[in-house]
Amino acid sequence: MTKRDEQKAQRRADILSVSLDLFVKRGYGSTKVTDIVNEANISMGLLFHYFGTKEQLYHELIIIGQQSTNFNLNYECSPIDFFSRSAKGILKLIGTDTFSAKLFVFMTQALHNDGIPVQSKELLSQIDVIERSVPIIQQGQAVGEIRSGEPRALSLAFWGAIQGIAQQIVLLPGQPCPDAEWITDILRDSSSKE
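Note that the working numbering gives residue 135 to position 135 of the sequence shown, counting from 1, and the numbers run on in steps of one.
Keep in mind that the hints were calculated from the coordinates and are not lab data. One should not assume that every hint holds.
[Said to hold, decoys possible] Below are the DSBU-like pairs computed for lysine-lysine, each with C-alpha atoms no more than 35 Å apart in a straight line: (1) 8 with 54; (2) 92 with 3; (3) 121 with 54; (4) 8 with 25.
[What the hints assert, rightly or not] Here are the computed distance ranges between Cβ atoms for each label pair: (5) 125 with 25: 18 to 28 Å; (6) 56 with 191: 20 to 30 Å; (7) 10 with 119: 19 to 29 Å; (8) 3 with 49: 10 to 20 Å; (9) 67 with 5: 36 to 46 Å; (10) 8 with 143: 50 to 60 Å; (11) 172 with 7: 30 to 40 Å; (12) 4 with 41: 14 to 24 Å; (13) 144 with 34: 52 to 62 Å.
By construction, the Cβ of each residue, glycine as well, lies at the ideal position given by its N, Cα and C atoms.
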């Protein structure tokens, strides 16, 4: 990669980062193109050169978020180990990478925003980690690793805790990141603890 290619890639990453921050703080509808170019200290033409439109820029962030949050739910470990490993990996990422923490908040906001571009809404409809985790919870309940209770509600509690942590870290920088096992304990059958 040439020096010029590196500069282009960095400029693109900077625009995405500034845009993500603005979309998280203000939402899609309240973030104007002029806000993005002013915050990124670039021209309107440069923004359009890289992304074409605000909608395409937003959709690019949705794609990045979908790739980051579309967890592989095919696992080769016990159900409780799957959730433990997921919590550890996600919380480590959230605790060390501000962009990733903001991305978690952004994706949740996008899931509940009817005013976003249609193509982004369609892509988001394919992501439902809460529902996709239900069979894993049911398997864990069958083998006694995961507490009894309504599987979807347990999935919601687990993933909602992670989302809430991401949101607090984004909104109140400097917050300590909780231990992943505390989150896993939401699901763990207390009689299976070692």
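Status of the hints after comparison with the structure:
Straight-line distance between C-alpha atoms of residue 8 and residue 54 comes to about 19 Å, which keeps the hinted pair within the 35 Å bound. For the proposed pair residue 92 and residue 3, the alpha carbon gap of about 32 Å is at most 35 Å, so the pair holds. Our distance criterion of 35 Å between C-alpha atoms is met by residue 121 and residue 54, whose separation comes to about 15 Å. About 26 Å separates the Cα atoms of residue 8 and residue 25, which keeps this hinted pair within 35 Å; it holds.
As the Cβ distance of residue 125 to residue 25 is approximately 25 Å, the hint placing it in 18 to 28 Å holds. Against the hinted window of 20 to 30 Å, the Cβ-Cβ separation of residue 56 and residue 191 comes to about 52 Å, which falls outside the hint. In this structure the hint that residue 10 and residue 119 lie 19 to 29 Å apart at CB holds, the actual value being about 26 Å. The given range of 10 to 20 Å is respected by residue 3 and residue 49, whose C-beta atoms sit roughly 19 Å from each other.
Taking the beta carbon of each, residue 67 and residue 5 are about 22 Å apart, not inside 36 to 46 Å as hinted. Hint check: residue 8 to residue 143, Cβ distance near 51 Å, so the stated range 50 to 60 Å holds. The supplied range of 30 to 40 Å is met by residue 172 and residue 7, whose beta-carbon atoms lie about 34 Å from each other. Taking the beta carbon of each, residue 4 and residue 41 are about 19 Å apart, inside 14 to 24 Å as hinted.
Between residue 144 and residue 34 the beta carbons are some 57 Å apart, a value that agrees with the proposed interval 52 to 62 Å.
Hint violations for this structure: numbers 6 and 9, all remaining hints satisfied.
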